[in-house]
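Q: Knowing the structure of chain A, use the given hints to seat chain B with the ligand on it.
Chains as they are written, first to last, in this note's numbering: chain A, 1 to 369; chain B, 1001 to 1411.
Calculated directly from the structure, the hints in this document are not laboratory data. Quantities reported herein were computed from a predicted structural model and do not represent experimental measurements. One or more hints might be untrue.
Here are the simulated EDC-like pairs of lysine to aspartate or glutamate, each with C-alpha atoms no more than 20 Å apart in a straight line [to be verified]:
id, chain 1, residue 1, chain 2, residue 2
1, A, K83, A, E127
2, B, K1103, A, D330
3, B, K1265, B, E1172
4, B, K1180, A, E127
5, B, K1159, A, D330
6, A, K172, A, E55
7, B, K1143, A, E142
8, B, K1159, A, D119
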Amino acid sequence: MIQAELNEILSDPLESTRQLSREGRRVIGYCDNYVPEEFIHAMGMVPVRLMGSAEHITLADSHLPIFAGQLSRSIFDQGLRGKLGHLAGVVLSNSSDAIRTLFDLWERHIPGQWVGLVDVPAVLQGETNRRVFGSAMLRFIEQLEKFGGHSLDPAELRRSIAVYNENRRLLKKAASLLGSRKLNADTYLDAVLSGFLMPKERHNGLLLQLLENAGTGQAGPDLLPLHISGPLLVDRSFLPLLEQCGATMTSEDLGTGSRYFWDEVSETGDPVAQVIDRYWNKVPESYKTPMEPRWLHFSARLGTGNAKGAIFVVERYSDEDQYDYPIFRDRLQQRGIPSLQLDAEFVLESEQARTRVQTFVEIVKGRVS
Amino acid sequence: MSTQTKKGRALNSSYQAGNILKEYWEDAARHQAEGRPIAWVSGNVPIELFWSMGVFPVYPENYSAIIASIQRAQEFCEEAEQRGFSNDLCSYSRVNLGIILGKGIKDPGLPFGGIPRPDMLITTRIPCLIQVKWWEAVREFFKVPLFVVDATMIDLPVKEHQRQHYLGQIRELIPIMESKLGVRFQEDKFLEALKLSDEAAGLWLDLLDTRAAVPSPVGSREMCGNVFPLVAMLGSSRPIAFFKQLLEEARECVKAGKGAVENEKIRLGWDNIPMWYNLKFFSDVEDQNIIFTYETYLKYVWGGRMDLSDPWTAFANKHLDVWLNYSIDQRVRTLLSDIPKFKLDGFVFHENHSCKRFAMGQKDAAVAIQEKLGVPSLFIHSDMADPRAFSEGQSRVKMEAFIELLQAKKK
Ligand code: SF4
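Okay, chain B solo, but in the shape it has when bound:
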């Protein structure tokens, strides 16, 4: 079994991820400079709609993750806290509110020259109720129209009344966007965006599937860096070429038996958003012949396939079929089927203080996979953006003990 060098990217195409991110934020600024509309949006909004209508979807969540990855989240969290936002609130929102209420979104010290001002705020309850409250706080500051797409939690398959709830709101959203943002909905453009979205999602999911191979061609750290186009650009053509290249490379690695880590011995899964300020957590583990090769966050939160023979139904299904919107039973069922497929020896649950809805039900899932599959798990208590919630020493000790347990089990 051959290996790749430990410190570089396993897939060369992954080096493009940084450029894509940069282009996206530069494009957003350009879009605004040209007088075209900007919507601030959040995870799981009907993204294809925006790209097809010429509305640039700006993701403050992504911006907060960037801020966390450059080790600046704490200063903005503290800014928000000083202004009365509790330190128990979602750290993405605290970073964002800290920026807005502090030196402002155009502070030259910010990455990519800051965040373009919103003309409209669009969010959804699909992943959590928090997004709604966060956007209300943002609206208080910017005084721009706010639209919330509501949804109740699902068990698959999505029920007809849930689909109709979703689509009914989309039908209300479209004329509001048209009148508030001066854009026009054209169904052919929308259907084209769905096609692009589905193609990109198909490539991404195939890419994730290559990671079921032993050895796995690419680990979590690298894949967390690659996911951004799936979050923010579905419906545009940009993610397709990128994912295609990643997939081709990953397939070649699998064919050649080339793993992302040397002498892969243990395979792990990860639940919840990663700690963006400490992606090293993954690579430190991967230095020990261990690979993180499965993440609920990458597989079930962003892109889904659509049966475009019935595009509106498929569109609704795709947007409602999101891990955070799953009941506990649905989450458990999904893990019980994926863990054997990805041949995981253990599972790490990030009990993320910020993303509470993600973390609810983790304990039941851990018990289920232990009882039904004999797969042990570990809980890391931390936060995706606020480094103050992460205890380096404690996490390392826990991880080491967990690895020992898995190694002993393997013998």
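For reference, chain A alone in the conformation it holds in the complex:
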């Protein structure tokens, strides 16, 4: 029942967000974990994640080189083709040089659509960066208020924070059930991804139902527990493939996973300041430095899932993740944990991926037994 609903939402992500617009909601597309959704939500809008697509790029190639990567190219292509016309606006950031370029391109080529920019530092340490991080967030609020035509109401923001925190707690619960194998990996992934495409209130309801029913669909005990890492995993065929190869995901630190939802906002004190604090302190993404807190999150997640190996699903041209992989691989090696990197361009080359995953699973199983 719930799985059917998740399937429907994820089978056509854009259509799911279009439906929200048809319902009269002001829908805002964004694509970075440093976009403070609480502010958008509190302004009465619905933030949804721009997932991009694996579709053939047509118009965007006149503006972006191939090495800008599939995510930015496909999002811009959708924008140019009018496929995002139902969105009231788009919020971009400096999460990569390509996504930052997208902001310039959006302003130049899609002038009818509001585009906001979250321009926070990449360096998450030092007094100055902390102050600038805060003021960049405040500038984003100003952009939102100008666009929304009213100011951000602290009471609304408190309500939004509560909704988002509940969402995070439920997702964390799902992650712990994944670790104890009381929730199927693919159901877990669907549950997380669907949350990017609907109002969080509705998602909370769905998660509650899902968690109530959890415990019935356990993964087979002989499946090898693995940790999955990477900036984004939207290819829903990957986890079934993993299972066919004799393994399952028992933990993850995906950008479209636990890195997104792990940290809560404190519900006491000034709500604006608390939201800013949360984003400053959250598990950092690969495009933020220092990387140590991310490594700690990675290790902790891997430990709770009792993973025997790690697979890094790295988007082609996602330079930040590509630099990190050899570092994480070597650190894991020192702990006796093998790892594999799979290159993705949204979709994992399935036959090639299957062979590589199969070989990897066999090697890890050989070490474990």
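A: Coordinates of chain B with the ligand only, in the frame set by chain A:
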């Protein structure tokens, strides 16, 4: 109109460039041997600070370019790739990581006896995010302190909050350098370094301006060889004498109507870092009465003028005002004003697989200069250091067709 010989340097002083480069790397080794601190730095770091504090700024990027120019980049790129670094990553970083993780930075087979070991790593996001990630990978190996100077992209003029962001971090960097490297910041020395930097940058920019003359006194190949002191030595006195001589010679050439190429017919601009392993690409073109006389890489990436009546503001402005840190609109505006000034007939965009931030926005710029100025452009897909990304045949065919088009347009 007189001409100079085709194969030699157009400006005699350009022959000094190789010596300056050699001296720099030898000085770096000596500095370390004497027990003084070395920082590995990257493009657009606050260079004047290092020279004024007695910290030798070592540029692995420059070293990678040297490795590329002696046709050895591929072996080090492959070394890095074997160790898990993707071949899509910046080739300067792959060369550097290949050296570090392969036979090491002291391998006697390396130019200038290798690269001195860093006592500290300092980088910045001004030109790109990649530098930050590259330095994190280097830190993993050397386990030395790392400092990153952050910055967001700009539209000119630089905004006050961006300036304060920059300066705030510099104020944090100084005591860290003092405590980690055992050096001392003295404002008078720093201001002196700014003066030297500004003087050198002024000479360099004047030199570039002489190239607006028809015929142009010096082409891209030669100027790419001359830029190094501007990259690595601003704040020291060394670049000043060199640039002064280059400028004097260039001015004389302009006065005498002496061009760098015979019978100059077509003038071109270049965007992005050159292909260091194939600077011949420029000279092959220049053999055909064509001159590359403008480069964004040489004009807007390294040296900028500073109004030293307000030195800290000027220092921040200068370091943030960098092509790679420009928005697309800013890049377009700049090209629209420079192309007529340099009387360019065409523009070549190097779609550099490695320096992605440089390459973003090129397509919009090409459309803008065609639409607004009627100046056509050509895209060459390649890489600044990794020769595997360069297709000689394809590039030559494209360049020939482009030249034909420009010649037909000129008739
Ligand atoms: S990507 Fe470009 S700016 Fe960045 S480190 Fe490489 S060459 Fe330098």
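Q: Taking only the CA atoms, is the gap from K1159/B to D119/A under or equal to 20 Å?
A: Distance of about 14 Å is within 20 Å: holds.
Q: For the pair supplied as a hint, K1159/B and D330/A, is the alpha-carbon distance within the 20 Å limit?
A: 42 Å, violated
Q: Is the straight-line distance between the alpha-carbon of K1103/B and that of D330/A 20 Å or less?
A: 18 Å, holds
Q: Checking one constraint from the list: CA of K172/A to CA of E55/A, max 20 Å. Satisfied?
A: Distance of about 32 Å is beyond 20 Å: violated.
Q: Quick one, are K83/A and E127/A close enough, alpha carbons at most 20 Å?
A: 42 Å, violated
Q: CA of K1180/B to CA of E127/A, is that 20 Å or under?
A: Given pair K1180/B, E127/A holds - Cα atoms ~19 Å apart, limit 20 Å.
Q: Assess, step by step, whether the Cα of K1265/B is no farther than 20 Å from the Cα of E1172/B, and give holds or violated.
A: 52 Å, violated
Q: Decide if the proposed pair is consistent with the structure: K1143/B and E142/A, CA atoms, cutoff 20 Å inclusive.
A: 42 Å, violated
In this structure, the hints that do not hold are numbers 1, 3, 5, 6 and 7, in rising order.
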